[in-house]
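Going down the list, the protein sequences come from chains L and Z.
Be aware that the first sequence starts at 1, since it is given in this note's numbering, and climbs by one per residue.
Be aware that the second sequence starts at 1, since it is given in this note's numbering, and climbs by one per residue.
In case anyone wonders, no lab produced these hints; they're calculated from the structure.
Positions of the beta carbon are idealized from the N, C-alpha and C atoms, including for glycine.
Keep in mind that the hints are not guaranteed to be accurate.
Unchecked claim - Pairwise CB distance ranges, derived in the manner of DEER restraints:
hint : chain 1 : residue 1 : chain 2 : residue 2 : range
1    : L       : A101      : Z       : L144      : 25 to 31 angstroms
2    : Z       : T163      : L       : A101      : 53 to 59 angstroms
3    : Z       : A117      : L       : A87       : 51 to 57 angstroms
4    : L       : M100      : Z       : V113      : 27 to 33 angstroms
5    : Z       : T163      : L       : T103      : 34 to 40 angstroms
6    : L       : F84       : Z       : L67       : 45 to 51 angstroms
7    : Z       : V113      : L       : R76       : 57 to 63 angstroms
8    : L       : N102      : Z       : G110      : 40 to 46 angstroms
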Amino acid sequence: MSNPNTSSSGESHGSVSSYLIGFVLAVILTVLSFGVVMSHSLAPTGTLAVLSVLALVQVLVHLHYFLHMGSGSEARWNNIAFVFTVAFVSILIVGTVFIMANTSINMMSR
Amino acid sequence: MAQNTTVPTAGHDEHHPESTVVFGFWVYLMTDCIIFGSLFATFAVLRNQFNGGPTPHELFEFGGLGLETALLLLSSITYGFGMIAAHKTQISQVILWLGVTFLLGLGFVGLEVREFAHMIADGAGPDRSAFLSAFFTLVSTHGLHVTCGLIWIVTLMVQLMGTTEIPERMMNKLTCLSLFWHFLDIVWICVFTYVYLASMI
């Protein structure tokens with residue numbers, strides 16, 4: 001498995017309709033994100049939770065329709081690199097926020 | 001795998017050296033992802049450290065943010081149309097769509113620069129508070145990436161002019177830029193969600 005098949009001939013490159021579907025979904029999700037904040041219809045924590053879900057879904061939409069990430073064997077190494085990065089970045093962000101919040105509580109700076 | 005027959009020199013030899021180019025670029029994007037992850041983590045920690053300075057509610061407005069988001073989202077799909085044209089070897093179409101993408105991207109950068117200029121003129125520059133330092137670092141790193149993407153688009157447009165076919169090498173360049181451009185769009189989703197909207201709740 002030392003040769004990831006990622007040449008342009010191996011990429012699935014989408015069609016006009018798949019780009020349009022992705023675009024419409026992205027627009028809907030973006031409008032919902034803005035709407036949920038502008039309407040003030042939810043409590044702050046609820047709004048943040050809804051925003052996070054909308055952002056996650058939109059990132060997945062972009063990955064699928066625009067970056068054409070797939071589960072095929074030709075995309076194997078791309079996916080491995082991606083999963084590693086997601087894990088790395090998650091630990092980085094969650095760890096940083098956790099440690100710094102903990103520090104500021106113990107230092108009574110908040 | 002077998003559907004792309006527009007590149008006469010490509011073949012389907014998986015041991016072709018060019019086949020690693022796009023993967024290599026993907027790995028670069030993943031490292032870029034870690035840079036942005038670090039900047040997001042920094043912003044998350046510093047987002048409430050105003051030091052008596054302006055808060056997001058006073059600084060951010062929905063109108064400009066919505067326009068910037070719309071431009072970047074549109075540029076993503078116009079680049080996609082350019083890629084579809086490239087796979088059909090319609091070079092004038094590719095150049096046209098790249099041009100449209102360039103203008104949309106330029107509009108985005110222009111709006112962002114204008115926003116920054118207003119903020120700095122109002123005394124809300126990166127030196128005002130930790131929140132603003134983190135904000136400017138994160139958002140301008142993204143803006144700098146978009147600017148590099150714009151230079152890259154122009155470069156490819158010039159290289160495509162006057163040619164009649166798209167060799168595999170050129171196709172790889174277009175594919176890498178496609179990944180880069182769509183990746184920046186994903187980063188922007190996180191920026192407008194967590195930097196702007198989450199601060200305006």
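Each hint tested on the structure:
1. A101/L / L144/Z: 25 to 31 angstroms: holds, 30 angstroms
2. T163/Z / A101/L: 53 to 59 angstroms: holds, 55 angstroms
3. A117/Z / A87/L: 51 to 57 angstroms: Violated: the Cβ-Cβ distance is about 39 angstroms, outside 51 to 57 angstroms.
4. M100/L / V113/Z: 27 to 33 angstroms: holds, 31 angstroms
5. T163/Z / T103/L: 34 to 40 angstroms: violated, 58 angstroms
6. F84/L / L67/Z: 45 to 51 angstroms: violated, 36 angstroms
7. V113/Z / R76/L: 57 to 63 angstroms: Since the Cβ atoms of V113/Z and R76/L sit about 41 angstroms apart, the hinted range of 57 to 63 angstroms is violated.
8. N102/L / G110/Z: 40 to 46 angstroms: holds, 42 angstroms
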